[in-house]
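K.L.:
Chains as they are written, first to last, in full-length UniProt numbering: chain A, 1 to 784; chain B, 1 to 251.
Everything labelled a hint here was simulated from the structure, so no lab data went into it. Mixed in with the good hints there might be a few duds.
[What the hints assert, rightly or not] Interface residues of chain B toward chain A, partial, derived using beta-carbon atoms under 10 Å: (1) 78; (2) 81; (3) 93; (4) 108; (5) 115; (6) 117.
[As the list claims (entries may be wrong)] Covered stretches of chain A, as calculated for chain B (at least 3 residues, CB under 8 Å): (7) 423–429; (8) 688–699.
We treat Cβ as the ideally placed atom computed from N, Cα and C, and that holds for glycine.
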Amino acid sequence: MRTREGRGRLSSGGPILVARAVLRERWWALLALGVVFGLVGGLVPAAGAVAERTATAYTRLVEAVHLDDARTIVPADVPEVVAEVPTMPGAAAAWTPEAWIVQLDGSPVRFSSLIAGTPPGDLVAPVLVAGRAPDPAAPDEVVVSERSAETGVSLGAVLPVTMLTLDNVADFAVGFTAAGPRTTLRVVGVARMPSWGNALPDVVGGPGFAAAHAGTGIGHAVYVRFDDTPDAAARFTEAFTAAVARHPSVVSDYLAPALETPRTTPDQAVVAAERALLVGIGLFALVVGLGAVQVLGLGLLRTGAAARPARSVEAALGMTLGQSLGARALAAFPAAVVAGVLAAGVVIAAGTLEPLGSQARFEPAPGFRPQWALAAVGGPALTATFVLVAVLTAALTWRTSAAEEPGPAPRRSLVRRWPALLLGSRLAGAGGRRGLPPAVTVLAATAAVAGIVATVTVGASLDRLVEEPRRWAGGADAVLVDAREPDVARLVDDPRVQSLALSETSYAREPDGGLLGIAAQTVRKGTPPVELVSGRLPAAPDEIAVNPRLAAQHQLAVGDVLPLVAPDGTPRAMTVVGAVVVAREDYGELGQDLLATPDGLAAVAVPRALPLLTAHVFAVPGAGAGLAAELAAELELSPTATPDAVRNLADLTRLPGILTLVLVVVAGTGMVHSLLVGARRLAREMAVFTVLGATPGQVRTTLAVLAVATAVPAVLLGVPLGVGVARLFWWEVATAVGVGGDIAVPVGALALVVAAVPLGAVLVTTIPALRLRRLPATASLGAW
Amino acid sequence: MSVRDPALVVRGLRKTYEAGTAPVRALRGVDLTVRAGEFVALMGPSGCGKSTLLHLLAGLDRPDEGTIALDGTRIEDLAPQRLARLRRRSVGLVFQFFHLIEHMSALENVALAALVAGARPQEATARARDLLDQLGLLDKARELPAALSGGQRQRVAIARALANRPTLLLADEPTGALDSDGAAEVLDLFRRLHALGQTILMVTHSREVADGAQRLVRMRDGRILLDGEVTSGSIEVPAELRAASGPWARP
Numbered sequence: 001m002r003t004r005e006g007r008g009r010l011s012s013g014g015p016i017l018v019a020r021a022v023l024r025e026r027w028w029a030l031l032a033l034g035v036v037f038g039l040v041g042g043l044v045p046a047a048g049a050v051a052e053r054t055a056t057a058y059t060r061l062v063e064a065v066h067l068d069d070a071r072t073i074v075p076a077d078v079p080e081v082v083a084e085v086p087t088m089p090g091a092a093a094a095w096t097p098e099a100w101i102v103q104l105d106g107s108p109v110r111f112s113s114l115i116a117g118t119p120p121g122d123l124v125a126p127v128l129v130a131g132r133a134p135d136p137a138a139p140d141e142v143v144v145s146e147r148s149a150e151t152g153v154s155l156g157a158v159l160p161v162t163m164l165t166l167d168n169v170a171d172f173a174v175g176f177t178a179a180g181p182r183t184t185l186r187v188v189g190v191a192r193m194p195s196w197g198n199a200l201p202d203v204v205g206g207p208g209f210a211a212a213h214a215g216t217g218i219g220h221a222v223y224v225r226f227d228d229t230p231d232a233a234a235r236f237t238e239a240f241t242a243a244v245a246r247h248p249s250v251v252s253d254y255l256a257p258a259l260e261t262p263r264t265t266p267d268q269a270v271v272a273a274e275r276a277l278l279v280g281i282g283l284f285a286l287v288v289g290l291g292a293v294q295v296l297g298l299g300l301l302r303t304g305a306a307a308r309p310a311r312s313v314e315a316a317l318g319m320t321l322g323q324s325l326g327a328r329a330l331a332a333f334p335a336a337v338v339a340g341v342l343a344a345g346v347v348i349a350a351g352t353l354e355p356l357g358s359q360a361r362f363e364p365a366p367g368f369r370p371q372w373a374l375a376a377v378g379g380p381a382l383t384a385t386f387v388l389v390a391v392l393t394a395a396l397t398w399r400t401s402a403a404e405e406p407g408p409a410p411r412r413s414l415v416r417r418w419p420a421l422l423l424g425s426r427l428a429g430a431g432g433r434r435g436l437p438p439a440v441t442v443l444a445a446t447a448a449v450a451g452i453v454a455t456v457t458v459g460a461s462l463d464r465l466v467e468e469p470r471r472w473a474g475g476a477d478a479v480l481v482d483a484r485e486p487d488v489a490r491l492v493d494d495p496r497v498q499s500l501a502l503s504e505t506s507y508a509r510e511p512d513g514g515l516l517g518i519a520a521q522t523v524r525k526g527t528p529p530v531e532l533v534s535g536r537l538p539a540a541p542d543e544i545a546v547n548p549r550l551a552a553q554h555q556l557a558v559g560d561v562l563p564l565v566a567p568d569g570t571p572r573a574m575t576v577v578g579a580v581v582v583a584r585e586d587y588g589e590l591g592q593d594l595l596a597t598p599d600g601l602a603a604v605a606v607p608r609a610l611p612l613l614t615a616h617v618f619a620v621p622g623a624g625a626g627l628a629a630e631l632a633a634e635l636e637l638s639p640t641a642t643p644d645a646v647r648n649l650a651d652l653t654r655l656p657g658i659l660t661l662v663l664v665v666v667a668g669t670g671m672v673h674s675l676l677v678g679a680r681r682l683a684r685e686m687a688v689f690t691v692l693g694a695t696p697g698q699v700r701t702t703l704a705v706l707a708v709a710t711a712v713p714a715v716l717l718g719v720p721l722g723v724g725v726a727r728l729f730w731w732e733v734a735t736a737v738g739v740g741g742d743i744a745v746p747v748g749a750l751a752l753v754v755a756a757v758p759l760g761a762v763l764v765t766t767i768p769a770l771r772l773r774r775l776p777a778t779a780s781l782g783a784w
Numbered sequence: 001m002s003v004r005d006p007a008l009v010v011r012g013l014r015k016t017y018e019a020g021t022a023p024v025r026a027l028r029g030v031d032l033t034v035r036a037g038e039f040v041a042l043m044g045p046s047g048c049g050k051s052t053l054l055h056l057l058a059g060l061d062r063p064d065e066g067t068i069a070l071d072g073t074r075i076e077d078l079a080p081q082r083l084a085r086l087r088r089r090s091v092g093l094v095f096q097f098f099h100l101i102e103h104m105s106a107l108e109n110v111a112l113a114a115l116v117a118g119a120r121p122q123e124a125t126a127r128a129r130d131l132l133d134q135l136g137l138l139d140k141a142r143e144l145p146a147a148l149s150g151g152q153r154q155r156v157a158i159a160r161a162l163a164n165r166p167t168l169l170l171a172d173e174p175t176g177a178l179d180s181d182g183a184a185e186v187l188d189l190f191r192r193l194h195a196l197g198q199t200i201l202m203v204t205h206s207r208e209v210a211d212g213a214q215r216l217v218r219m220r221d222g223r224i225l226l227d228g229e230v231t232s233g234s235i236e237v238p239a240e241l242r243a244a245s246g247p248w249a250r251p
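Build the full structure now, drawing on both the sequences and the hints.
P.N.:
Here it is as C-alpha cells:
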C-alpha cells in the first residue's frame, strides 16, 4: 500500500522534483544557454521586424503621400483637355496645378520643370523631411525632391531662373532662348515622394507662386484618383486618350500627354533593391537562426547526455519516458522564459533601425518604430523553441545509440597506412556518440559555406555594376540632349573626342497598345562601347535587340519574334537577335526597351516632326572633364548622375560585406562549437587510441581528419552551390533593373574560402588536442 | 628475454591524488617484480590502489616517487612521445568495459593497434586475422562490437591488446562485466596465453579468476600485503609474508 502511494506521489510530483534537481545541478548552464539563445535567436524576429519595415517602406510612403493613380502633363494650348479631366469616367478626384519649365541662370545650361498650387490634401502630398512647406503667400518659395537636394538644388538655395514659353518647347530640336518671365526660386523644404520625375517635377511651389505666375506656364500637370470601380483605369484612359486626340497640341512631339500610372506600375529599381534586401535579410535570419539552434542543441545535448544515469534511476523508480522528458521541459522553462524575454527586447530594440539600404529613402516616418506584435509573437516562439529543443535533445540522447545496436560493418578496405587516418575516417563517418549525425554537421557547414560564397559573389557583382557604368550604358563623358548636326560635326572633328554615337529615340507600339521605348544608334566616330549582354546587335530593319528586363518580362530569347505595330497600323514582326543595354535619357526605367537599326526605327516608331537625337561623347583619356565643362557652358547636357536604379543598388554595396561578416562569425562560431563538442564527445575514443600507443601528434592528426571530413565536403559542395545561388539571385536583380545578369566571380575571395575553411577547421582542433594532452587518458576512460 | 628475466620491476612506488579537500594516498610504497612469462593476479578491496598501480605501469600516469622499469627501460620520467612508443611496443591493455571503438569492425579494432605499433597495413590485417582466428572470432571479423556478445567483445579486446606482441599484458577486471560463461571463456584464454609464454598482470576481484593465475598479489591501503604462488586451490605464501593474517587469511 505504501508502495502504491509512493508511486502515486511520484507520478504526480516526480517530474517537478526531478526538474528541481536538474535546475539545482545545471541552472547556470541552462541560464547561459537561455541568454545566448535569447540574444542570438532574437535576431531572427528582429530581422523580421527590419524586413517588414524595409519591405513596407515604399507602400507606406505611397499611402502617406496619397500617391495619385494617374498623371500626365497637358500643354497649355489645349486647356479643354484639362477642363474635362475632373469629369472624365473613372476619375474620382483630380488636381491640375499649372506647370512650368525653367532654365537656371548661369552655366552650365540646366533646365527644371516645376508645378505650383494648393494640393487638395488627399492627392499628391509629399512628406517633408527637411525645412518647411512654402508660405502660401510667398511668390518664390518652393520645396524640392530629395534627389534634387542631393544633386545641388539644396535647402536654402536661391535660384534665379527664366521660364520657358510653349514656343520654346516647340523649338526643342532646333534650339531656343528662354523667352518667359524671369523670377527667383527659394528652396525652403525638401520633400519625400515616390515616383518623382516626368509629370511630377522635382520642384513644387506653393499657392503664392501659382498666383504670382498664373498663366505663364507651359501647361498643367494632371493628377487623378480613380474611383472604386474595377474598370476605372480603363475608362479614364479611354476618355483621356479621346480628349487628347480631339485637341491636338503644337508641342505633342515633345510634351506628349501620355498617361503614367505610378500606383500600378511598380518601380523596377525599387523592386530590385527591395528583393535584394529581403533575400539578404532572409539569409541573415536563416543562418543566425540555424546557428542559434545549433548552439542551443549542442548545449542541451550535453545536458541530456549528463542526465542519462539520472534517467536510468527515474525509470527504475517507475517514471515513464514522457514524465522524464516533462521534467526536462520544466527544468528548461525558466531559461526558456529568459530567452523569450531577451528576444522580445531584441525585437523592440530593432525598431530603432531604419529600413535598410536604398529603402530608407522611402521611409515616411523616420525614427523609432517598434514592432510590438512581432515581439509578442517572437518572444514566446523562442521560449517554445527552447523547451522543444530541450525535450528533443533529451529524447535523442536517451534513445539507444545506433552504435550500440548491431549494424552492418563498414565494407571499406582496411588498407590505410596511417592509423590516425583510419580512426579519424571511421569516427567521421559515424559521428560522435549521441551527438548530431555527421551528415547534419556537413550539411550545416555546406549551407554556411554556400551562404558566404553566394553573398561574396553577389557583392562582387554589385560592386562591378556600380563601378562599371558601361554595364548600364553609362560612362559617356558628355551626353548632348537634342543634339544638332553642327554641334555633332564639330565634336567629330575634335581630337579630344575618341568616339561618338548618335542615338535617336522614340516609342514603338505593341499590339495591345502598350508603348516600348526604342532607340537606334549611328556611330559617327570611333567605336563607342555597347553593352551587349548576349547575341548580336541588329543589322537589318526587321531585327531588334531587347533590354534584359524586357527579355525577362516577355520571356524573349534570341530567335524569338516580337510583334509590333507600324504607325499605319500594320503588324510588324521583329526578330530578336540579342540582349543589349542602351542608354535612356528620361527619368524612366534604366535602358531603352529596344534597339533597332535606323531603318527599323523608322518602320515601327511613333513618328515625330523632328527626330529626337542624343549624342554620347566619349573623350580620350584625361580629356573628359574639360570637354564636358566646355560643352555644358553652351549646350544642354544630360546629367551624368548614376541612374536611380543603379543608385538604389549602390546603396546596398555595404550589405553583402556586413552579411558576409555575420555569416562568417555565426557560421564560424557554430562550426568551431560543433568541432569542439564533437571532439569532446570522442574523448573516450581518443583515450583508447592513446592507450594503444598513439602519440599526442597522432591524436591531433585524428582530430584534424575529423575536422577535414566536415570541412572539405562543405567546401566541395558549398562553393558550387553558393555560386549557383548567386547566379540565380543576381540574374533576378539584374534583369529587374535592366542590365546583364552575368555574375562577377570573385576568384580571390573564393580561393580564400576554399583554403580557409579546412585550414581553420584543422586549427580549431588544436584546442581539444591540447586539452586531451593535458587530460590523462584514464580520466576519459572512467571506470576501466 | 629469458623466462626468468624480470619484465617489470617496481620499486618504492608512491602516488597521492588531490581529491576534493583531502589528499588520497593511493600508493604508499609498492615494490613488485614480475618475471617474463608470469601470470600474476592482483587482488584487493576497492580503493586499495590496484587501478592506480595499473595506470602507472601502463605509463598513463606518473608516480610521485619510485621507479618503474618495463623491459629494462625506466618509464617514470619519459616524455609523452617516448612513453607512447614504449606503450605501443611493450604493453597491451585489457579493460573491464572493453573500450572497443564502436564504429570499427572487430578486425579494424585489432588491426588499429597493430598499425599504431608500426605494422604495414597488410601486416596489420594479417596479424588481426591471425589473432581473431586464434581466439575463435574470425567469423566475426567484419562485425561491429555492438553485434558481439560480452565475451566476444572482451576476446576482441584481448586480441587488440596482443596485436603489438606486448612484453606485458595488463588487464583490469577483464571478467568483471561478463557472465559466468564469458568469464570462463576469458580466463581460459588468459591461461592459454600464459602457457604460450605471455606475461600477464591481471587485476580482479574474483578469487575464482585469481585462482587461474600463477601468482597472487594482494593489496590493501596502497601497499602489497601478500605475494605468493597459487597452487591448486591455495596460495604458497612466501615466508616473509606469512605474518599476514586477519582479513587476508585464506578462508
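K.L.:
Against this structure, judge whether each hint is valid.
P.N.:
Results of checking the hints against the structure:
no., hint, verdict
1, 78, "violated (12 Å)"
2, 81, "holds (5 Å)"
3, 93, "holds (5 Å)"
4, 108, "holds (6 Å)"
5, 115, "holds (4 Å)"
6, 117, "holds (6 Å)"
7, 423–429, "holds (count 4)"
8, 688–699, "holds (count 11)"
Hint 1 from the earlier list is the only one contradicted by this structure; the remaining hints agree with it.
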